[in-house]
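> Each chain, written out:
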Amino acid sequence: MNFLNINEEKIVEYLAKRLRWYVHEFAKKRNGVVALSGGLDSSVTTCIAVRALGKENTFVYLLPSESTPKEDMDDALELIRMLEIPKENWETIDITDIVNLVEQKAGKYDKLARGNLMARTRMIIIHHKARIHDGLVIGTGDKSEILLGYFTKYGDAGVDVLPIGGLYKTQVRKIAQYLNVPRRIIEKPPSPRLWPGQTAEGELMLSYDLIDSILYLRFEKWMSDEEISNTLNLDVEKVKMVTNRVKETQHKRNLPEVFKLGFRDIGSDWRYPREWV
Amino acid sequence: MRVGVAQISSKLGNIKENLKKHIEAIEKAKSKSVDLLIFPELSLTGYNLKDLYFELSAESTKALSDLSSLYKEIHMLVGFIYEPRIGLYYNSAAILGEGKIKQIYQKIYLPTYGLFEEERYFSEVGPEYFYNVKTVSVSGVNVAAIICEDAWHPEPAELLARIGADLILIPASSPARNFYNLVDGKPPISLVWEAILKTRAVENASYVVFANRVGPEDEEFFWGGSMIVSPEGEVVASAKTNEEDFITYDLDLTSIKRARRFGSFKKHARAIHRRLLEL
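Those protein sequence lines, which keep their order, are chains A and B. Residues in the first sequence are numbered consecutively from 8, following our numbering. Residues in the second sequence are numbered consecutively from 49, following our numbering.
You can trust all of the hints, since none of them are fake.
Below are the BS3-like pairs computed for lysine-lysine, each with C-alpha atoms no more than 25 Å apart in a straight line:
#1 A:24 <-> B:234
#2 A:35 <-> B:98
#3 B:69 <-> B:59
#4 B:59 <-> A:24
#5 A:36 <-> B:64
#6 B:288 <-> A:17
#7 B:98 <-> A:259
#8 B:69 <-> A:35
#9 B:59 <-> A:35
#10 A:62 <-> A:17
#11 B:234 <-> A:181
#12 B:314 <-> B:182
#13 A:267 <-> B:98
#14 B:234 <-> A:228
#15 A:35 <-> B:64
#16 A:24 <-> A:36
#17 A:228 <-> A:247
#18 B:69 <-> A:24
#19 B:69 <-> A:36
#20 A:150 <-> B:234
#21 B:234 <-> A:17
#22 B:150 <-> B:68
#23 A:35 <-> B:68
#24 B:80 <-> B:69
#25 A:24 <-> B:68
#26 A:259 <-> A:245
#27 A:36 <-> B:59
#28 A:36 <-> B:68
#29 A:24 <-> B:288
#30 B:182 <-> B:120
If you want the ones that stay clear, here's a sample from chain A, every Cβ over 12 Å from chain B, calculated:
#31 91
#32 115
#33 164
#34 214
Hints in this document: simulated from the structure, not taken from any laboratory. The structure presented is a predicted model; accordingly, all values stated were derived computationally and were not measured. The beta-carbon is built from N, C-alpha and C at its ideal position, and this holds for glycine as well.
Given the sequences, and given the hints that come with them, work out the whole structure.
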């Protein structure tokens, strides 16, 4: 697939330039704040934030829970060392007690509900830190996850900007190699770590190589599910599983619906640029 | 004749800031003895204004008049929103000089696909436009302009050349896309533009100046890479990609002569155009 032949150097340079402009000139904030899990996406995002804003202007938070493996925190710490993030710019906050307290007060349900609570607890902490540090919350979602809806609404998706949201997971991996992200981070199977043993590829029952190819061909090359099935030599039902997932999760990528009452309401005919002076 | 291109990053919807940027560039052009300075498409307003398009015509026209009366000694092409009738807006660029708005050029082809939705906001030019459009003489060279998408079709540039333009100005707001397949570090769209500009220059045996916007607007990013192409199809000057830049070039009028001696510009098969009318 030609979309994998990316020019890593130019893409990193471009993303860093855009992030610098977005934080400093558009939002007029001093710092960027990132939640680092020790996984691929947040590691690459942290590297790009440091390139864009400098290590002094990047605040990094490790927010483990009981389902975070120790290796992830070790990997996150190794990255922090590699990027020479000053010690006053990073902190570990275990969220398990907070999640337990919410469950105790609001009721326990299932593992998915607890997983969502974890993602939303992290969101609350990271926004609080952004307020303290005059910063923007730098999100870590990639294009594959955003398209699949593989994120928690108002959790890991509750961010100010998504610098790697235009890169598929497989492209993020290539960028990580270029950025010299520790090998263990690049090679570990992607996982939201919302419960033990959870992996994205296990839940989706396909490798990201295939998922990304399907997404690219369907939504950027306008090919039909059948054409993709022939091109990738893959059962059409598997292709449909991916494309249906994009359709079913569309609501997660939109702002909440406002039912029309006025002549104009927030929604289809409210079209103003983000930069509105 | 010395032409200059001010490859600026206009601030979306902020005409006050953009006016400052124009003044800075004009001062620079004056210090470099530029005769004609070209700004990108909608340089006074920014490009992807969405519903703000409806709100900025008066302010942008006022800024245009201010520039015109401030700088009488230099010619310039400036992008703005033109509202000749109440509530009808045109994506336009004006040649200013000697204290006057000398000619207003309106965009003929309004892109409405992908991220572009110009037909939602702008009016299409009527048939009278093609009779009223004129060249402007700057330092003895006949100049006229088409805007961005107009260059992707052969006949707007051809019209200008047929009414006498020897220098065709193309202000543009071309956003980058497909960063996955950069060619020598540049977005693939830059190669398409280079091919188009060379074609327009050669087929009309005229100089072509492409002044592209640079910088971010919401999700989009304009790639810059402004170019000046000779009538013989050579890129004679080019600006940086992805950052603001300022370039100048001294036109070589002999190049126009050579291109017209050794090319088929003198031929014009009118019957083809009559046939096209029927299709």
